[in-house]
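Number of protein chains: 2
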Amino acid sequence: MITLNGDYKKLRGNFLFTEIAKRTNDFIAAHPDADVIKIGIGDVVRPLVPAVINALHKAVDDMGTYEGFHGYGPELGYSFLKDKILLKDYKERGIDIAYDELFVSCGTKCDTSAIQELFSKDTVIAVTDPVYPVYVATNVMAGRSGAFDDVLQGYNGIVYLPCTEDNNFIPELPKQKVDAIYLCYPNNPTGLALKRDELKVWVDYARKTGAIILYDNAYEVFITEDDVPHSIYEIDGAKEVAIEFRSFSKIAGFTGTRLSYSVVPKELKRIDENGDMVSLNAMWTQRQTMKYNGAPYIIQRGAEAIYTDEGRAQVMSEIGYYMENARIMREGLREAGFTVYGGVDAPYIWLKAPGGDSWAFFDRLLNEYHVVGAPGVGFGPSGEGFFRLSAFNSRENTLKAIDRIRKGIK
Amino acid sequence: MITLNGDYKKLRGNFLFTEIAKRTNDFIAAHPDADVIKIGIGDVVRPLVPAVINALHKAVDDMGTYEGFHGYGPELGYSFLKDKILLKDYKERGIDIAYDELFVSCGTKCDTSAIQELFSKDTVIAVTDPVYPVYVATNVMAGRSGAFDDVLQGYNGIVYLPCTEDNNFIPELPKQKVDAIYLCYPNNPTGLALKRDELKVWVDYARKTGAIILYDNAYEVFITEDDVPHSIYEIDGAKEVAIEFRSFSKIAGFTGTRLSYSVVPKELKRIDENGDMVSLNAMWTQRQTMKYNGAPYIIQRGAEAIYTDEGRAQVMSEIGYYMENARIMREGLREAGFTVYGGVDAPYIWLKAPGGDSWAFFDRLLNEYHVVGAPGVGFGPSGEGFFRLSAFNSRENTLKAIDRIRKGIK
Numbered sequence: 000m001i002t003l004n005g006d007y008k009k010l011r012g013n014f015l016f017t018e019i020a021k022r023t024n025d026f027i028a029a030h031p032d033a034d035v036i037k038i039g040i041g042d043v044v045r046p047l048v049p050a051v052i053n054a055l056h057k058a059v060d061d062m063g064t065y066e067g068f069h070g071y072g073p074e075l076g077y078s079f080l081k082d083k084i085l086l087k088d089y090k091e092r093g094i095d096i097a098y099d100e101l102f103v104s105c106g107t108k109c110d111t112s113a114i115q116e117l118f119s120k121d122t123v124i125a126v127t128d129p130v131y132p133v134y135v136a137t138n139v140m141a142g143r144s145g146a147f148d149d150v151l152q153g154y155n156g157i158v159y160l161p162c163t164e165d166n167n168f169i170p171e172l173p174k175q176k177v178d179a180i181y182l183c184y185p186n187n188p189t190g191l192a193l194k195r196d197e198l199k200v201w202v203d204y205a206r207k208t209g210a211i212i213l214y215d216n217a218y219e220v221f222i223t224e225d226d227v228p229h230s231i232y233e234i235d236g237a238k239e240v241a242i243e244f245r246s247f248s249k250i251a252g253f254t255g256t257r258l259s260y261s262v263v264p265k266e267l268k269r270i271d272e273n274g275d276m277v278s279l280n281a282m283w284t285q286r287q288t289m290k291y292n293g294a295p296y297i298i299q300r301g302a303e304a305i306y307t308d309e310g311r312a313q314v315m316s317e318i319g320y321y322m323e324n325a326r327i328m329r330e331g332l333r334e335a336g337f338t339v340y341g342g343v344d345a346p347y348i349w350l351k352a353p354g355g356d357s358w359a360f361f362d363r364l365l366n367e368y369h370v371v372g373a374p375g376v377g378f379g380p381s382g383e384g385f386f387r388l389s390a391f392n393s394r395e396n397t398l399k400a401i402d403r404i405r406k407g408i409k
Numbered sequence: 000m001i002t003l004n005g006d007y008k009k010l011r012g013n014f015l016f017t018e019i020a021k022r023t024n025d026f027i028a029a030h031p032d033a034d035v036i037k038i039g040i041g042d043v044v045r046p047l048v049p050a051v052i053n054a055l056h057k058a059v060d061d062m063g064t065y066e067g068f069h070g071y072g073p074e075l076g077y078s079f080l081k082d083k084i085l086l087k088d089y090k091e092r093g094i095d096i097a098y099d100e101l102f103v104s105c106g107t108k109c110d111t112s113a114i115q116e117l118f119s120k121d122t123v124i125a126v127t128d129p130v131y132p133v134y135v136a137t138n139v140m141a142g143r144s145g146a147f148d149d150v151l152q153g154y155n156g157i158v159y160l161p162c163t164e165d166n167n168f169i170p171e172l173p174k175q176k177v178d179a180i181y182l183c184y185p186n187n188p189t190g191l192a193l194k195r196d197e198l199k200v201w202v203d204y205a206r207k208t209g210a211i212i213l214y215d216n217a218y219e220v221f222i223t224e225d226d227v228p229h230s231i232y233e234i235d236g237a238k239e240v241a242i243e244f245r246s247f248s249k250i251a252g253f254t255g256t257r258l259s260y261s262v263v264p265k266e267l268k269r270i271d272e273n274g275d276m277v278s279l280n281a282m283w284t285q286r287q288t289m290k291y292n293g294a295p296y297i298i299q300r301g302a303e304a305i306y307t308d309e310g311r312a313q314v315m316s317e318i319g320y321y322m323e324n325a326r327i328m329r330e331g332l333r334e335a336g337f338t339v340y341g342g343v344d345a346p347y348i349w350l351k352a353p354g355g356d357s358w359a360f361f362d363r364l365l366n367e368y369h370v371v372g373a374p375g376v377g378f379g380p381s382g383e384g385f386f387r388l389s390a391f392n393s394r395e396n397t398l399k400a401i402d403r404i405r406k407g408i409k
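In order, the protein sequences belong to chains C and R.
Numbered continuously in numbering that gives the first Met the number 0, the first sequence closes out at residue 409.
Numbered continuously in numbering that gives the first Met the number 0, the second sequence closes out at residue 409.
There may be inaccurate statements among the hints.
Copies of one chain are not kept apart here, so a pair can be met inside one copy or by any two copies together.
Unchecked claim - Straight line, CA to CA, 27 Å or less: simulated BS3-like cross-link-like pairs of lysine-lysine:
| id | residue 1 | residue 2 |
| --- | --- | --- |
| 1 | Lys120 | Lys8 |
| 2 | Lys120 | Lys265 |
| 3 | Lys351 | Lys399 |
| 4 | Lys268 | Lys9 |
| 5 | Lys120 | Lys268 |
| 6 | Lys265 | Lys8 |
| 7 | Lys21 | Lys83 |
| 8 | Lys176 | Lys199 |
| 9 | Lys9 | Lys21 |
| 10 | Lys265 | Lys83 |
| 11 | Lys265 | Lys9 |
| 12 | Lys176 | Lys83 |
Don't read these hints as lab results, they were simulated from the structure.
Keep in mind that this is a model prediction, so the values were computed, not measured.
Modelling step: build the complete structure from the supplied sequences, incorporating the hints.
Right, here's the structure in full:
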């Protein structure tokens, strides 16, 4: 008789976005005529840019011919894409990443949850709080936590690093020993970035303690300020301590098209359970080769198109569109008397919820103003009292949503 | 200081297909003019059929418009595809599978290696021998084995079920307790199928012992014989013991396009490490929701096209083409005096290697006849002395390869 993994049952509640979708759908079912505006989930709404569409069509045509057909591809990504990533995202920013340090795959959600398979089960995980729920949930499922604590609103055994108004949403270094630290900057959900010297504090900490930083850099393209790093490898010594994750979801509107990459430097080595020094690059290569079969050829060709001058100009125009939404939300809500953070280097606004109860504010916004946001507490205990709004919507809907909130809620 | 997973280091040698590629590339580098024919890896070579190409183009067009754009999709698959799978692959064969028992994802390699996350670490894994190497390797990486045994040519702690000429390549029931059994039928690599009554023996065994069957049904479309089941759920009681995996790789030429699905019935429940009865369907839903973000919209639309009459006729014509290759190989090699198995319900030929050494035969075939096959021993200890040939090639290359082998090797 097989025995099942007992850790799954520790998971508390629905995935945040599942719960948001449920409440929203219930409301729409009860009010079919309501004009509901969704700025909760961080999902793009605008079409793929023409350069990507053309590249996708061309790749589909390839697949319909003998000469152009592609069967099993390289598990770690095609060179036509990897070479361009290495050049444009790293080399031209003064960072040398080797070809076999780069791994193309089908999403940062997959990558950030799979990476922990390289760690021993007793690895102590630290996350900023609030945080993208997947980092926590997937470690809970792998047995790296105790039970959920209803008072703390978090899992025992996971180290939460509060990001609050008091510390300007910059986490303090852990007081206890931690082994792996998830950092997402520019940050989801607060919409704030770390400056170069602020990120250096973390790299130095990891170098000193032997911890590993899992750096989710999915929002790099939104950076506008000069002193915000575009890669963690801009920081001296980061290659010895950090894995970087990037995604095409936001830069190229690929949330439903699915493509991402990770960088695992060869300098990154640690002791394994047998006491041997091993390379995380070698382990990740084994993992991705054995458990993954590569991203679709067609999709990789689509992603390649954003590295042309034409493609880059088109996607940056889209990014500009969304960031103008962020500006409208940020300034509009501020003018209306709300306390608002973020939205300068990231497509998210972190709004202080009047009344201090995230889900109560969610329900009020949905029921009275037909606007769907994301309750801050869904991202972690320190998110209580806050609310995330996303810039990923049409201009019209963004203006309408802000107008409704300004008029209705103080 | 973080500690790394010590189990990865138990992995012995290269992934079979990596080693084949390495030896082949070395040979080609040394003999650039040689006309090398690759019938080693089970990878399709013919283009996607017109119905799929048209559907992919249409989906790409969707993604270029506001109205047709798709962002994050349902993690478990779009209903336009799931409904057709449920109807055509199950309902029309008399099998009822519920909507939420079906999970669309990006490959059977991913699915069969991820499913073990639902099991406790001490789960005893059984595999047929020879076997697709990924089942074994991914369990080794998760700590479900001891060290590799050079004499046995297998991992301690993994239960190998020999499939040999003596038992007509039908594995005998395990003599020791096992918890999870990987069965792939029609089989890779032997190219043989289990009849309905032969599969029933396994379902009955699992019902009696509480083991779970992981049924890799990637080659279903090649079945030609009436008494070979098209789904394990044709067998009474299988829903209580079996998870089924299927792939679009072979039926629709999707090896580089990437799409698959799994079925986890709600009847499938077992005790977890806390002693509680839990549903594997609920756990797999949690796993796929938390660690995966759905397959690309474009690719799911492409797969949908094979469920139209036109698409079905086109893909079945491709299957017929490949199976004629299988017939040519089977009969040609048999006439030439080789002992040959498989190739009737599956696209693989399992050839007895003259001399009895799989890798020696590989090298001889490559060096003397410029034909690349897959050494049987790469699939497990009982594969020694055998050799896998794949029907996935052009007619011309298939004829040429068989002609060279017939003329040269006795």
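Here is what the structure says about each hint:
no.: 1; hint: Lys120 x Lys8; in the structure: both (17 Å within a copy, 16 Å between copies)
no.: 2; hint: Lys120 x Lys265; in the structure: within (23 Å within a copy, 29 Å between copies)
no.: 3; hint: Lys351 x Lys399; in the structure: within (20 Å within a copy, 72 Å between copies)
no.: 4; hint: Lys268 x Lys9; in the structure: between (31 Å within a copy, 18 Å between copies)
no.: 5; hint: Lys120 x Lys268; in the structure: both (18 Å within a copy, 25 Å between copies)
no.: 6; hint: Lys265 x Lys8; in the structure: between (36 Å within a copy, 17 Å between copies)
no.: 7; hint: Lys21 x Lys83; in the structure: between (41 Å within a copy, 25 Å between copies)
no.: 8; hint: Lys176 x Lys199; in the structure: within (19 Å within a copy, 53 Å between copies)
no.: 9; hint: Lys9 x Lys21; in the structure: within (21 Å within a copy, 45 Å between copies)
no.: 10; hint: Lys265 x Lys83; in the structure: within (20 Å within a copy, 46 Å between copies)
no.: 11; hint: Lys265 x Lys9; in the structure: between (35 Å within a copy, 21 Å between copies)
no.: 12; hint: Lys176 x Lys83; in the structure: neither (39 Å within a copy, 52 Å between copies)
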